[in-house]
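There are 2 protein chains.
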Amino acid sequence: MAPGPVLTAQEDLIPYSFDGTAAISQMPGAVVFPTETAQVARLLQWANRERVAVIPRGSGSGLSGGSIPTPGSVVMSLVKMDRVLEVDRKNLTVLVETGATTEAVANAVSAANLFYPPDPGSMRISTIGGNVAENSGGLRGLKYGVTRNYVMGMEVVLPQGEVVWMGNKCVKDVAGYNLKDVFIGSEGTLGVITRVLLKLIPKPAAKKTMLATFAEMEKAAETISAIIAAQIIPCTLEFLDRTTIKCVEDYAHIGLPLDCDAIVLMETDGHPAVVAEESARMEQICRENGCTAVRVAKDDAEAVQLASARRTAFSALARVGPTTILEDVTVPRSELASMIRFIQKVAKDGGLRVGIFGHMGDGNLHPTFLTDERNHAEIEKVDRALELIVAETIRLGGTITGEHGVGLAKKKFLPQQLGEAQLRVMREVRRALDPAGILNPGKMFD
Amino acid sequence: MAPGPVLTAQEDLIPYSFDGTAAISQMPGAVVFPTETAQVARLLQWANRERVAVIPRGSGSGLSGGSIPTPGSVVMSLVKMDRVLEVDRKNLTVLVETGATTEAVANAVSAANLFYPPDPGSMRISTIGGNVAENSGGLRGLKYGVTRNYVMGMEVVLPQGEVVWMGNKCVKDVAGYNLKDVFIGSEGTLGVITRVLLKLIPKPAAKKTMLATFAEMEKAAETISAIIAAQIIPCTLEFLDRTTIKCVEDYAHIGLPLDCDAIVLMETDGHPAVVAEESARMEQICRENGCTAVRVAKDDAEAVQLASARRTAFSALARVGPTTILEDVTVPRSELASMIRFIQKVAKDGGLRVGIFGHMGDGNLHPTFLTDERNHAEIEKVDRALELIVAETIRLGGTITGEHGVGLAKKKFLPQQLGEAQLRVMREVRRALDPAGILNPGKMFD
Chain A
1 MAPGPVLTAQ EDLIPYSFDG TAAISQMPGA VVFPTETAQV ARLLQWANRE
51 RVAVIPRGSG SGLSGGSIPT PGSVVMSLVK MDRVLEVDRK NLTVLVETGA
101 TTEAVANAVS AANLFYPPDP GSMRISTIGG NVAENSGGLR GLKYGVTRNY
151 VMGMEVVLPQ GEVVWMGNKC VKDVAGYNLK DVFIGSEGTL GVITRVLLKL
201 IPKPAAKKTM LATFAEMEKA AETISAIIAA QIIPCTLEFL DRTTIKCVED
251 YAHIGLPLDC DAIVLMETDG HPAVVAEESA RMEQICRENG CTAVRVAKDD
301 AEAVQLASAR RTAFSALARV GPTTILEDVT VPRSELASMI RFIQKVAKDG
351 GLRVGIFGHM GDGNLHPTFL TDERNHAEIE KVDRALELIV AETIRLGGTI
401 TGEHGVGLAK KKFLPQQLGE AQLRVMREVR RALDPAGILN PGKMFD
Chain B
1 MAPGPVLTAQ EDLIPYSFDG TAAISQMPGA VVFPTETAQV ARLLQWANRE
51 RVAVIPRGSG SGLSGGSIPT PGSVVMSLVK MDRVLEVDRK NLTVLVETGA
101 TTEAVANAVS AANLFYPPDP GSMRISTIGG NVAENSGGLR GLKYGVTRNY
151 VMGMEVVLPQ GEVVWMGNKC VKDVAGYNLK DVFIGSEGTL GVITRVLLKL
201 IPKPAAKKTM LATFAEMEKA AETISAIIAA QIIPCTLEFL DRTTIKCVED
251 YAHIGLPLDC DAIVLMETDG HPAVVAEESA RMEQICRENG CTAVRVAKDD
301 AEAVQLASAR RTAFSALARV GPTTILEDVT VPRSELASMI RFIQKVAKDG
351 GLRVGIFGHM GDGNLHPTFL TDERNHAEIE KVDRALELIV AETIRLGGTI
401 TGEHGVGLAK KKFLPQQLGE AQLRVMREVR RALDPAGILN PGKMFD
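Residue numbers (my numbering), protein chains in the order written: chain A, 1 to 446; chain B, 1 to 446.
Hint data in this document are derived by calculation from the structure and do not stem from the laboratory. Please note: incorrect hints may appear among the correct ones.
Which copy is meant is left open, so a pair is good if it fits within one copy or across any two.
What the hints assert, rightly or not - Simulated pairs of lysine-lysine, DSS-like, Cα-Cα distance not exceeding 27 Å: (1) K199 with K246; (2) K143 with K199; (3) K219 with K143; (4) K203 with K143; (5) K219 with K298; (6) K298 with K203; (7) K219 with K90; (8) K90 with K207; (9) K143 with K90; (10) K345 with K246; (11) K345 with K143; (12) K143 with K207; (13) K143 with K412; (14) K203 with K381; (15) K348 with K412; (16) K90 with K345.
Make a model of the complete structure from these sequences and hints.
Here it is in structure tokens:
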């Protein structure tokens with residue numbers, strides 16, 4: 001076993017019995033805190049011998065129950081391996097330990113005038129290892145991609161305790177199967193990520209933030225299409241629906257208009273001349289497509305204020321709860337407006353309250369049901385609504401999860417999206433790597 | 001078996017006994033030309049029953065022997081499945097059949113004012129399916145990435161004949177393991193790619209091309225570092241060494257200076273204002289770092305002429321031959337100059353002729369040995385030189401292949417780079433998918 005503190009008392013285990021996902025928890029048998037890779041390897045070797053389940057865990061901010069322990073399992077908290085080891089300005093990379101927070105990494109590279117774009121909502125506390133295990137997204141996906149697009153290499157402890165390095169500082173590498181990309185987003189089921197080598201890009205010199213208001217959701221969606229058609233790829237294209245706007249305004253008092261169907265937050269970044277031109281053009285496109293108002297931030301302070309409308313959306317909805325069930329369906333961008341209308345109709349038909357916000361440029365929606373887990377009749381209605389939403393998502397060529405992962409929360413929907421042949425391949429890959437099935441069992445398709 | 005023509009006569013099989021790789025060939029037993037996915041599936045089902053090896057093949061322009069048949073195998077030529085099926089302007093995607101040439105795809109999307117960046121050297125004849133199977137690179141890797149970065153989805157026939165769709169038009173998708181990215185670059189060993197959904201980006205509005213001459217390779221490398229340090233990410237940063245310059249000039253008569261150690265081709269693209277600013281800054285950086293001359297293209301015709309210095313490099317060297325052994329080692333960008341010097345020293349020590357060119361911004365070098373396969377003593381020296389180059393590449397944190405693949409040519413070097421644990425995982429993944437081992441056997445690590 002790994003040295004260092006081992007928690008086993010019930011009261012110490014409680015914080016590790018849940019993550020950021022509503023209404024799911026289970027008690028582990030113990031929690032350990034490795035401080036180096038060799039300890040992770042020894043723990044996995046021991047777990048294989050003893051047939052004990054091991055649940056790797058970062059900060060526990062996940063939203064699909066991916067780090068919920070199975071009863072009696074050992075939670076391996078990786079937060080003590082949190083060093084930023086090397087910023088390489090020549091090769092534009094940063095090497096970090098798995099437990100470093102996303103924000104700590106972003107700040108470390110920012111000090112070198114470089115940029116790590118992925119910015120999941122929980123970036124202040126989420127760990128890089130967790131981001132890689134879940135392939136986390138964020139608000140900059142359309143222009144900059146997601147976590148996967150920045151992982152150049154990683155040190156992984158395989159389920160049986162072997163330590164391997166996948167990838168390197170080379171921009172191109174086609175030597176052998178690309179295992180690295182299977183491990184990214186494998187939700188802690190194929191190995192424990194201990195170090196990550198991330199790609200960086202030059203920090204954009206300028207950014208412009210604006211907020212547009214629409215009386216109809218369709219007009220907002222048409223505006224997005226028109227912006228893309230004008231060959232502009234903004235770094236942020238986020239939206240809030242009427243319910244979310246009201247909750248955000250009650251919570252954050254930003255001065256949002258309450259009589260509109262959609263608010264769209266837009267940001268463009270890059271060279272100052274391009275930013276000036278694109279932001280002017282985006283403002284014009286909003287007006288041409290029937291927005292009721294556009295507000296362009298005059299300075300950084302106002303930009304932060306406008307962006308906070310979107311950044312606080314989940315907290316604002318969660319506050320209304322008491323239980324918030326957050327969805328993560330994603331459709332091709334062209335299907336966005338029809339998907340939003342579908343969700344609103346399903347909620348209305350079931351007499352349910354739902355707030356919708358998300359990454360409009362990515363087609364990634366976060367419908368958030370405001371319910372109460374003690375009201376079993378209503379929870380059943382929510383479950384039925386989710387089933388309808390998932391079916392429609394798949395019908396539109398979408399995915400059941402854009403950035404939160406499958407974990408426990410989406411497990412039952414995965415076969416609908418992928419079909420048996422792909423699930424069989426996934427199970428076989430897992431079995432090949434983890435024949436004893438000790439690593440984060442019961443998740444995804446297990 | 002698939003309907004349509006089946007070649008079995010010796011003289012018809014000869015063109016399918018080799019690909020673009022020097023000095024490797026083997027005769028297949030037959031060649032078939034499926035025209036639809038269902039035929040591919042039936043052929044694989046038949047091959048499983050009969051235990052016949054199947055070698056998927058595009059245009060045969062590969063440079064690592066990845067589509068060389070095993071004796072008696074069936075070559076499955078996919079060039080008849082070559083339709084461009086849909087350019088989707090709203091979602092910025094194009095759906096194509098596997099046998100469409102890279103150039104045909106680039107042209108189809110260009111007509112819609114969109115851009116498909118990957119441009120492997122053989123793009124006029126190479127197929128998209130081949131590009132995906134090899135994860136092909138090109139001259140725009142530093143800024144735009146490689147084929148992998150543009151594959152949003154694909155239809156694949158698994159080795160046992162099941163047809164699956166991996167991926168979709170969503171910008172984000174984390175539902176299940178990312179199998180798609182293992183198939184990309186799997187060199188026809190995990191499945192047969194039949195359709196590909198590619199991501200597109202807006203066409204850059206402007207481009208500037210320039211060519212700089214350096215008396216010393218180190219100065220060229222320092223210039224590249226200084227450009228990156230100035231936060232400029234050019235779309236092209238290519239170089240030729242002294243031997244290659246001479247061969248290109250003899251062949252193409254571009255007017256290149258012959259008294260220099262390195263020529264660097266640089267291109268920046270994007271918004272006109274940014275291109276103007278960046279190209280001026282790059283020219284200045286070249287001068288500050290001791291270039292002997294810089295030539296900036298005044299118009300498209302001159303840009304094409306300058307770029308042709310690099311585009312013709314391989315042909316120019318191949319003409320000198322009689323046998324050209326083309327390497328593909330890649331190192332972190334910061335190690336580039338030392339790697340070039342190492343290769344030059346190894347060649348000199350062995351009395352060998354080598355021309356070096358490649359993607360300087362990617363650290364991807366193509367040392368090309370000019371030799372004669374009938375001269376066994378010299379070929380042995382080349383083999384020894386390659387062994388030294390590979391060992392040095394790995395020592396510097398590089399990879400044995402940046403964009404050409406492992407195939408047969410690099411198979412013996414793969415264990416050095418990856419180690420046994422990763423190779424074991426790769427073999428297990430392959431066995432899980434292709435238990436009979438019928439698909440492109442004997443390649444990579446098989």
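Outcome of the hint check:
| no. | hint | in the structure |
| --- | --- | --- |
| 1 | K199 with K246 | neither (39 Å within a copy, 36 Å between copies) |
| 2 | K143 with K199 | both (15 Å within a copy, 12 Å between copies) |
| 3 | K219 with K143 | within (22 Å within a copy, 34 Å between copies) |
| 4 | K203 with K143 | both (14 Å within a copy, 14 Å between copies) |
| 5 | K219 with K298 | within (25 Å within a copy, 44 Å between copies) |
| 6 | K298 with K203 | within (21 Å within a copy, 30 Å between copies) |
| 7 | K219 with K90 | between (45 Å within a copy, 15 Å between copies) |
| 8 | K90 with K207 | both (25 Å within a copy, 25 Å between copies) |
| 9 | K143 with K90 | both (24 Å within a copy, 15 Å between copies) |
| 10 | K345 with K246 | within (19 Å within a copy, 70 Å between copies) |
| 11 | K345 with K143 | neither (31 Å within a copy, 43 Å between copies) |
| 12 | K143 with K207 | both (13 Å within a copy, 20 Å between copies) |
| 13 | K143 with K412 | neither (32 Å within a copy, 40 Å between copies) |
| 14 | K203 with K381 | neither (46 Å within a copy, 47 Å between copies) |
| 15 | K348 with K412 | within (24 Å within a copy, 63 Å between copies) |
| 16 | K90 with K345 | between (53 Å within a copy, 25 Å between copies) |
The structure shown violates the earlier hints numbered 1, 11, 13 and 14.
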